[in-house]
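Since chain A is already given, all that's left is putting chain B on it; use the hints.
Protein chains in written order, with the working numbering: chain A, 4 to 356; chain B, 4 to 356.
These are calculated hints, taken from the structure and not from any lab test. All values reported here derive from a predicted model rather than from experimental measurement. Heads up, none of these hints are tricks.
Copies of the same chain look alike in the list, so a pair counts if it fits in one copy or across any two.
The list that follows gives simulated cross-link-like pairs (lysine to any residue, SDA-like), each with its CA atoms no further than 25 Å apart: (1) 209 <-> 252; (2) 28 <-> 44; (3) 28 <-> 50; (4) 28 <-> 306; (5) 209 <-> 239; (6) 209 <-> 316; (7) 209 <-> 243; (8) 209 <-> 55.
2 protein chains.
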Amino acid sequence: MDEVTFAVLGTGGIGRRALEVSQHKDSLTPVAACDRHGTAIDFDGLDVDELLAATEGNIDNEVASDGGSAAAVDSEGGVKQHGEDRGVVASEQARASDDPIQDVIDHGDGIDAVLLALPNYEHDFIPRVADRFLEGGYAGVLIDVLKRSRVIDMLDERGDEFEDAGITFICGAGATPGLLTGAAALAAQSFVEVTDVDIWWGVGLKSGYEDNRGTVREDVAHLPEYDIETARDLSDAEIESIIDEHDGVIEFEDMEHADDVLLERAGVCDAEDVTVGGILDVRSDEKPTTTTVRVTGQTFDGETATNTFQLGDETSMEANVNGPALGYLKAGVRRNRAGEYGVFGPAELMPGF
Amino acid sequence: MDEVTFAVLGTGGIGRRALEVSQHKDSLTPVAACDRHGTAIDFDGLDVDELLAATEGNIDNEVASDGGSAAAVDSEGGVKQHGEDRGVVASEQARASDDPIQDVIDHGDGIDAVLLALPNYEHDFIPRVADRFLEGGYAGVLIDVLKRSRVIDMLDERGDEFEDAGITFICGAGATPGLLTGAAALAAQSFVEVTDVDIWWGVGLKSGYEDNRGTVREDVAHLPEYDIETARDLSDAEIESIIDEHDGVIEFEDMEHADDVLLERAGVCDAEDVTVGGILDVRSDEKPTTTTVRVTGQTFDGETATNTFQLGDETSMEANVNGPALGYLKAGVRRNRAGEYGVFGPAELMPGF
Chain A
4 MDEVTFAVLG TGGIGRRALE VSQHKDSLTP VAACDRHGTA IDFDGLDVDE LLAATEGNID
64 NEVASDGGSA AAVDSEGGVK QHGEDRGVVA SEQARASDDP IQDVIDHGDG IDAVLLALPN
124 YEHDFIPRVA DRFLEGGYAG VLIDVLKRSR VIDMLDERGD EFEDAGITFI CGAGATPGLL
184 TGAAALAAQS FVEVTDVDIW WGVGLKSGYE DNRGTVREDV AHLPEYDIET ARDLSDAEIE
244 SIIDEHDGVI EFEDMEHADD VLLERAGVCD AEDVTVGGIL DVRSDEKPTT TTVRVTGQTF
304 DGETATNTFQ LGDETSMEAN VNGPALGYLK AGVRRNRAGE YGVFGPAELM PGF
Chain B
4 MDEVTFAVLG TGGIGRRALE VSQHKDSLTP VAACDRHGTA IDFDGLDVDE LLAATEGNID
64 NEVASDGGSA AAVDSEGGVK QHGEDRGVVA SEQARASDDP IQDVIDHGDG IDAVLLALPN
124 YEHDFIPRVA DRFLEGGYAG VLIDVLKRSR VIDMLDERGD EFEDAGITFI CGAGATPGLL
184 TGAAALAAQS FVEVTDVDIW WGVGLKSGYE DNRGTVREDV AHLPEYDIET ARDLSDAEIE
244 SIIDEHDGVI EFEDMEHADD VLLERAGVCD AEDVTVGGIL DVRSDEKPTT TTVRVTGQTF
304 DGETATNTFQ LGDETSMEAN VNGPALGYLK AGVRRNRAGE YGVFGPAELM PGF
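Chain A with its partners taken away, still in its complex shape (with noise of 0.2 Å):
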C-alpha cells in the first residue's frame, strides 16, 4: 500500500500509544499531534521518541468539554506542568496555539487520516469535532475510538455531508468497539442467523493507569450509579475513590458499547442480541480475565453452535486498541481512495495490518 500520513487528535493514552505503534508500521507516518494546547506537525515525520519522552508526564487528562476551542474544564490534578509548556508543547516539535484542530484542518491537504483520540465527554463532542472538519473543507479518512451506541446515529447523521466531502469516518474502530466487533462480524460467517453475541473483556491497569485515566473515567461511567454526565464531573479524587470501594477491581455488565449499533447495522444481527461486559483491574498488569467473543447462531443445515474468539491474556488494552486503531486507519485509506465515503465501522471493514 502506497504511503499513509496520519494525524493525531489527543495526546492521552490512546493518542500516545497510537503513535508509538506506527512506528512499527512501514507505510504509516505520523504527521502531525495535536492537544488543546498546541499542534506539532512535520510531514517528513514526526519524531515520535521525542515527542513520548518530552510529554512523559504531561499527559493531557483533563476533560475536554468543548467541541473546537482551547478552552476546557480543568480537572483536578489532570495536568502537569513542565515549566511553562503543557501537553504537547513541551515537545520541541510542537508551538503552542489557540485552535489546533484548525492547525490540521489548514494543514489538510497533506494528511490522509485523523485519528480522532479525544475522550468523549459530552455525547456529541467528537460529531461536532467532525463538523469542525467538514466545515473547513477536509477530505480524506477521520477515524475514533467512540465506544457509545448512541454516538453512531450521530455520525450517521451526518453520512450525507461526510459523503459530499470526501471524507470516510470509521467509527468504533478500538478494542471494543473495534477488534472484537470485527471478530463477531466474521464469526457470524458459519449462520444464516445470530442469536446471540457476547463480547466479554479483561483490562490489567496497574502500569497503564496513569497513561490512561481517561479511559478508566469513560468506563466508570458505565457504572449503574453514574453516566457519562456526573463521570465527568467527578475529580480524579473521586474516581480513585470509586475504584477503592472495589477493591481495584470493578466488573461491568450489560454496557452501552457501540457493538451492538455496529453489528445491526452490518446486517449481522439485533443490536439487542449483543451483550458486552467486562473486568477491569487497576492493581494488576495482569488481565483478571481472557477477552472472549461468543457468537451463537443457527447454520443452514439447522445446527445451533457458538464460534469464539479469545485474545492472549498477555495482549494488553493499548496494543488491542491501537494495533486495530492503525490498522481500520489503513482500511479506511484504502476506501477513501477509492472513493468510498460516508461511515463505516469494524463490522463492515477488514483492518489492514
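Using the frame of chain A, we list chain B on its own:
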C-alpha cells in the same frame, strides 16, 4: 445493500450448498446455475428447491479437465443419470448446452457475481475459466474457493486485465482459505509482528460424503503420496480404497493451502510462517477435532501472545465454506460497485452477512 444477482458454475457440493444458503439471504438472488451439461437461467430468481430436488443424485462429480468446453474426463460412476438428463439439466429450469460457461457470459450484464464452484484438477483450470470471462467481456465479480497456494500467483498475473475489464476477483473465499484466513488477519491486529499462524481444521463428512466427493479427492491430493495430477486420475473406487486404508480418518499436515500466500500478500506474515493441517473423518458426522486458528505474535509493548479463533463443532464444512463464500461475494460486489477491480483475498475483506 442493494440486490445482488449471482450465478453458480458447478453443481457439485459447493455450488448446491451455496444455492441453498443463499435462500436465507434476502439481498442475494441466484439467477443462473450451470455445469458441464447445461445451464439454468432465470432473472426472476431460480427456484432453488426445485433445482436441488431435481438434481438430487445427479451430482456432477466428474473431473473437469478442460477449461471451456463440455468435453470432460469421465470418472467411473461419477455421474448418475435420470433418463437422458444429466447434471443440472434434470431441472426443468435448465437447458442442455454445449457451452454453459458461454451462456453465463452471454447473460453477464444481469449477473453481478459468478461463483466458480468447480473443482480445480489442473492448476490453471480456474485461471483459464477467468480468461473466458475476460475474453467474453464480462464485468463484475468472480469468486472462487480455491485452496492451492500456487494458483494465487496465476490470478495475480491477470490482475491488470481484471482491472481493465472491471472484474473484481475474490479468491480463496471458502473456509480455508477464506473464513479462517480472515480470522488470522483479524487476530493479527494485536501484534506488530506475527511469527506464527496455525490453521487446524476438523471435518466430519459421513452424510456429506456423496455430495462432496470432489472435495475429498482434492484432500487426497494433499497426501504425501499424491498430488493434483495423480489424485485426479484415481477412480472413485481407488479414492474409497485410500479412505479404507485410513479407516475413514485421514490426518493432514503442512498442506499447500493458499492461506499462506494470501496472508503474506496482505502483509500479515511470511507465507512460511503459516501452517495448515487437519483431520477428515468420512465415517462420522461429528468433527474429529475442533477447527482452530492460532495467531502468535509480539505486541508493541514487548509481549508474546497467541490469539485464538475456534469454530463450534456443530458448524459443518458446508456451513463454513458456503456462508463465507456468499459473504465474500457480497463484499466483492461492494468493491466492484465502488470501482475497485483486481484480485482480493480473504485477508483483505470483511465478508458481508
